[in-house]
Amino acid sequence: MNQSTLAEQKRSDEHAALRHIVEGTSAVTGEQFFTELVRNLAAALGVCGAWVTEYLARERRLRAFAFLINGQWRPGYEYPLDGTPCAPVIEGGELVHFPDRIVELFPEDHGLARIGAVSYMAMPLFDTNGTVMGHLGVLDNKPMPRSTLNEGLLRIFAARATAEVRRMRAEASLRESRDKLSRLVASAMDAIIEIDQDLVITLANPAAEKIFRCKAQEMAGRPLAEFLSDAGREKLKTLVHELALHAQGRRYLWIPGGLSMHPCDGGEEFPAEATLSCSEAQGRLFYTLILRDVNERIAAEHKIRSLTDEAAYLREELRSLKGFEEIVGRSEALLRALHDVQQVAPTDSTVLILGETGTGKELFARAVHAASPRAEHALITVNCAAIPAQLMESEFFGHERGAFTGATARREGRFALADRGTIFLDEIGELSLELQAKLLRVLQEGEFEPVGSSRTRKVDVRVLAATNRDLLQLVKEGRFREDLYYRLNVFPIRIPPLRERAEDIVLLASAFAARFAKRMGRAILPLTPDQARRLCAYQWPGNVRELHNVIERAVITSRDGSLNLDRALPEVAAVVARPGESPTEDGRVYTMQELEALERENIRRALETCDWRIAGDRGAARLLGINPSTLASRVKALGIERPR
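Here the numbering used here runs 6 ahead of the position in the sequence shown, where the first position is 1.
There may be inaccurate statements among the hints.
No more than 16 Å apart at the CA atoms, straight line, and that leaves these computed lysine to aspartate or glutamate pairs for EDC-like [unchecked claim]:
no.: 1; residue 1: Lys642; residue 2: Glu602
no.: 2; residue 1: Lys221; residue 2: Asp271
no.: 3; residue 1: Lys524; residue 2: Glu558
no.: 4; residue 1: Lys243; residue 2: Asp204
Note that these hints are calculated values from the structure, not bench results.
Hey, can you work out the whole structure from these sequences and the hints?
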């Protein structure tokens with residue numbers, strides 16, 4: 007077998023290993039994740055046993071997350087480290103391989119003989135600070151010759167095991183942060199009250215019980231208006247409305263002049279200096295009202311905001327550590343992109359993620375961050391197309407109080423929040439030239455000045471960027487800096503459009519259908535061959551996001567457990583793939599050019615019907631049942647222009 011054939015076989019085996027990881031562990035976490043990982047590892051290497059452990063350094067023992075040997079599972083298995091083949095792995099911090107005579111090499115380990123072990127190979131699992139968290143190992147009842155391929159496969163599975171152990175640790179850290187925040191709220195000297203979007207009390211701390219002379223249980227469920235003066239009610243309603251309008255921007259404000267309040271027992275009103283902050287949970291807005299002593303106001307606010315931010319970023323980190331399991335598919339094009347992620351993630355290199363709208367560029371950014379040494383820190387996302395140009399510099403670098411009209415308080419920017427972590431700049435091609443120059447300085451020097459400040463801030467941030475634009479063309483047109491382009495384009499990853507992942511369409515559709523059915527409490531039948539054919543016949547200009555929306559509509563309008571693709575698919579797709587009939591009345595099959603013409607005409611009619619509005623309740627996107635950004639992209643791609 008020549009070198010070219012060997013290399014091709016190696017790539018094929020690596021893709022098979024990635025497929026084992028993606029398909030075998032995509033929908034599980036924790037104990038079940040490790041069970042599936044060990045099962046797939048044993049199958050991939052063809053061995054009789056495999057296990058993944060955590061290392062208990064104080065006891066010098068290994069505790070198995072999952073242990074499979076000779077077809078039997080050993081739940082709750084613990085193992086002393088000394089005198090075993092695991093010791094060189096944990097203590098040496100590197101891959102160890104004993105191809106034969108393992109019992110003779112470690113005579114003190116009597117467990118090896120009992121299970122008939124002959125050979126052993128294992129890899130340590132490292133935390134982000136370089137300490138060994140545990141190990142992943144395989145053993146067999148026959149010799150295990152040295153193999154670069156098998157070692158490579160073990161490293162691939164170890165990378166996924168490492169990510170899951172880190173995720174579990176992040177989850178524990180999040181619980182600790184929540185407990186810490188709960189203790190802080192309970193012990194604060196200032197009264198803290200949480201209200202929902204209907205201004206009904208949902209939580210009150212002991213200090214609130216004291217000043218309102220009422221138990222927290224008695225306050226919960228009562229309108230806050232019962233404790234406010236008439237003027238205070240109107241003032242609070244106005245401020246709540248203001249915060250709700252800026253829920254994605256400013257999250258808190260001082261209440262000018264404070265509030266006049268009275269206790270539960272109808273006692274005398276008292277003035278309280280106060281702040282109001284806004285947060286969101288499960289799609290609902292909540293507000294926190296802090297009534298504080300003037301002298302201790304600043305210290306208490308700082309502590310509460312700091313711990314709230316810590317909990318929020320740990321929660322975000324927990325989501326990002328999922329990484330690969332959110333990416334569904336087994337096509338060669340997708341696996342190539344995943345392989346690129348695996349290669350670049352452990353480095354600190356800048357990554358430029360390229361792909362059409364709706365391909366899932368943010369998921370890949372999260373996968374890179376989750377598998378990187380920065381995974382213990384925050385992943386901060388900035389959509390460069392969604393922030394007004396005049397506010398972008400403040401969003402990036404923060405501002406000082408009074409730096410511009412409306413800057414009533416000092417604010418940290420996204421780069422400062424991402425310090426020691428990762429920042430993801432989505433739609434990077436939308437940045438103004440002025441801000442491109444300032445971004446280039448951050449990338450090159452790691453420093454910036456907040457708006458309205460003369461002091462220089464230093465940050466250590468890894469940059470991931472994404473775009474659906476042709477940046478080289480923008481460079482030629484003078485709309486994107488050439489030096490910034492080459493600074494960003496260190497390691498490009500191209501995310502394939504859905505039309506290049508035909509074998510993934512049905513897999514994705516089935517996954518989306520199961521997810522929506524579970525959320526809506528419905529039973530959905532598997533896709534029929536005809537439904538699969540119809541989905542594959544469509545070109546998916548909106549890519550995975552469009553497929554996601556189509557399947558959600560199909561589940562909402564499903565009948566007798568069957569997806570309603572007649573209602574869900576765009577009109578042009580229904581013409582091509584309506585079940586039981588040919589694409590055209592005379593039986594002729596459309597060419598791709600004819601399909602494009604049909605789509606162009608259908609979009610033009612929708613735009614005319616909606617007076618050329620794209621977004622909004624009366625926009626063409628709502629009429630067509632697709633995302634406004636997808637429609638805007640298709641209008642541009644098809645060259646559709648409004649008649650003058």
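Hints versus structure:
A C-alpha spacing of about 13 Å is found between lysine 642 and glutamate 602, which places the hinted pair at or below 16 Å, so the restraint holds. This hinted pair checks out: lysine 221 and aspartate 271 have alpha carbons roughly 11 Å apart, not beyond 16 Å. With a CA separation close to 12 Å, the supplied pair lysine 524 and glutamate 558 stays within the 16 Å bound. Distance hint between lysine 243 and aspartate 204 is fulfilled; the C-alpha atoms sit about 10 Å from each other, no more than 16 Å.
Hint compliance for this structure: every hint is met.
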